[in-house]
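Asks: Residue numbers (this note's numbering): 6 to 920.
Keep in mind the hints are simulated off the structure, nothing from the lab. Beta carbons: idealized from backbone N, C-alpha and C, even for Gly. It is possible that some hints are incorrect.
[Said to hold, decoys possible] Derived DEER-like restraints, expressed as beta-carbon distance ranges:
hint : residue 1 : residue 2 : range
1    : 650       : 89        : 48 to 58 Å
2    : 747       : 806       : 24 to 34 Å
3    : 521       : 137       : 44 to 54 Å
4    : 763       : 889       : 12 to 22 Å
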Amino acid sequence: MLLSAALATLALGTGCRKAELEAPSQDTSALEMEQASEMPNRKTVLHAVRLKFAPNQIDQVERIVKEQAGKPRMDLSSIPFLKEMKAVYLYRVFPYAGKFEPRTRREGMHLWYDVVFEREISTAAAQQVRQRAIEIAQQSSGVDIVELIRIPRLPKTSVTELSASELSAQTRTSGTLPTDDPLLSKQWHYHNDGTLIRAKRGADINLYKAWGVEMGRSDVIVSIVDGGIDVQHEDLRENLFINTAEMRGVSGRDDDGNGFVDDVYGYNFALEQGRITPHSHGTHVAGTVAARSNNNRGVAGVAGGDGSPGSGVRLMSCQTFHTDPTSGQSRNGGFEAAIKYGADNGAVISQNSWGIPGYEKIDASLKDAVDYFIKYAGCDNDGNQLPGSPMKGGVVIFAAGNDGLEYRAMPSAYAPIISVAAMSTNFEASPYTNRGTWVTIMAPGGDIYQHNGQVLSTLPGGSYGYMQGTSMACPHVSGVAALIVSEFGKMGFTNEELKKRLTTAILSEDINRHNPRFFGRLGIGYVDAFAAVTSNPGAVAPKIPQWQSVEVTPRGLEASWLAVEDADDEKAFGYKVYYSTQSLSQTNLAQAQYQKVIEPETKVGEQIARLLEGLEASTTYHLALTAYDRWGNESAPSLTSAKTHANRRPIVRVPQHEPIRVSGDETIKLPIEISDPDGDTWHYEILGSAQGTIVRRTDKGLELIFRVVAYVGEYTLRLKISDQHGASEELSIPFEIYRNAAPSLERPFAKRYLPQGKAETSYDLDDFFTDPDGDELVYTVKLLDNPSVRIQLTGSRLTIREEKLGPSVIVIEAVDPRGQKAVATLQLEIVPDEIVHLVYPTPVLSTLNVRVAEYLRSISLRILGADGRELLSQRAKLAPGNQIVKIQVSKLSPGTYTLYAEAEGKIYRQTFIKR
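Use the sequences and the hints to build the structure in full.
Replies: Following this line, the structure appears as structure tokens:
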């Protein structure tokens, strides 16, 4: 029984299947710090990590898993470091493999487990638990490797389904076409006649000529690691892989002993079941590889056969993506296990039109799966070719990705993988395709902006439609690979021979001439199906090429030579420029590094030039030039030598910036400009801990993203920027994580009386509010109903101007960068321009208060009786902010009196009553 199926539920508040580990979350761990361009969003599982246990630990782990299988959670307290990690469940990444378990264990695949933690309420808490678990695992002797569980995705594609009228209007293909598939004429990617808008004749895979040699045979199996294939589709069902033991066996039982139950057409790793669920992406990809050809239905596949029984390669559905047809919700999972399943069950080609966006380093668990497929596909448990297999070993093919970026997109950039970029209808790179020196080859991927310029293939429900993407380019190459195995496969035929034929089968169009912006970063050329199935005409090597010149430049050595002829292939297929710090001769070329140069359009006698980059500075290099044909026959070398320039360090520019302080969910981005005066490539290294800081590559250098992952405190991010020769600069960026405190009102606002005609005043609000963290405050102001003033706010400066007599209330808010605030009110009143604004109380018993104008610094006050005699007098000096003068009148007899005030040549009189 499949182990991961046995571990079906996990009580973490709610049940959790293994597949649900793939629920997306933003990645926030220091393990993410690989080099990257301005990447697409990178996602990982938040509540789990992946471990490769040490061999001395695995027996105890397996005993616990076996004893507690099926429980809602596991008791892992007997393994101290798992208990400390807060682990509650373990899932084996590569499930128990039945009869293939011996080689599974020999390759260490059984050591990989996903370790699940308690679900945390908040993302921040979950991030801290996961980061702590990583640190614990890294320090444990029971763990060899710790990985985040990265979430693969399908490249974004849209589906243009053929309408019912378009399908009903299908016509039989004319006698000039090689098959009778009604929609074949719309599959320009097989044979492009140039009639589409912007299309160019020959921008295809040259399939019609290849079909004259080979159309696919049934003992060649291609595993489609993708969404599920529609196994009922009329144009696919005859070319499906069928596990006859499971088809004829008992439902719910592993009839063939491969560790999986009811896996008739493959296995659904997304849902952990044998039943395959149709998926548009997987069905479209499968149709390109091997939709049934010459069956008077729909479309043709690259290796779909000639319509006769037993023709056409077989499609194995290794489902990793599922979309619920009712809710539209998606689930994915089991990618590593799906690749391995293909090798264990007869596939020799692994087709993968998916990726893990934003990462430039392949995860060790995925690397193990790819390496396993390459080693064991078509083989028995001991690695020997099976009698019924057409090839020893496997080939893994991946789409380059649809980010439209130039970075080492994983897993397609992993060296043993054949990676496929996409072209449009005119030999130009499709705008979405990823690029890089790691790309192997290019194939048609389509262009949504050209009418009918996408790739046409099968869709679920017996339908057909267009899609675009490197996802569509990749199955063209997988189909061509299947044709090669169909034509040449036999006992003794190896995966290395397949790769050699596939990676030298290119159209006679120069990919760099059509795409000069991406010189050398779109692969060796455009895949040519006819060349792929062409036999070697002989064993004659091309003529020896001769150096024309070798010039020293700051970027390296610029070498040139003339193209040479080949007696049985017209001209050399390519050239190898060997280089070494040691002397070279024909006998030691194998020990030297070399660069391949392929220019399919160059004629014999025309000049070819290449720049050798990445060389050590101030070093003498010995060079050897050879020519070779596509069958590997290589000429004798032509020798020379040259010395490179001195090397200079990368230049790092950090912009002026405020101290970096982060709190809460705040992030601060700091761009770093990096250039190399010699044009060298560079990479960065984080020295010490990143403390949760994300480092991303950009077109101009790096972007540092500071956020709260670590505890409150002061930290320093240290980076080392090195060029390819080792010259380096180090960079230290201090930053602080702090607990934010709200701003406060440091000095309250006193009520103001402003004289009419002189009532313009201003406040610097920074004098009244303060922030304990030193953050800059942002202010907002609002007047309440029927105000007597107008207000203007510029930064922290509040300016007030009169409108009319009367009171006003201004509400002021001070907000810090994290949204915390302090609120205060300012009361104002516009009064007549008198030296006295208010006399109170009246009647008065003992103390008479006199509020005088704000601008006065002294005033004379007298109290006169009813007969005009002066009874009291007082001269008051006034301090700013204290404009009230108090007069003691308790000794006056009850009656009516007059207050007489005089200041700055003005006089004010007011009667009042004494009780």
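Asks: Now, for every hint given, state plainly whether the structure supports it.
Replies: Hint by hint, here is what the structure shows:
no., hint, verdict
1, 650 / 89: 48 to 58 Å, "holds, 54 Å"
2, 747 / 806: 24 to 34 Å, "holds, 31 Å"
3, 521 / 137: 44 to 54 Å, "holds, 50 Å"
4, 763 / 889: 12 to 22 Å, "holds, 20 Å"
Of the numbered hints given earlier, the model fails none.
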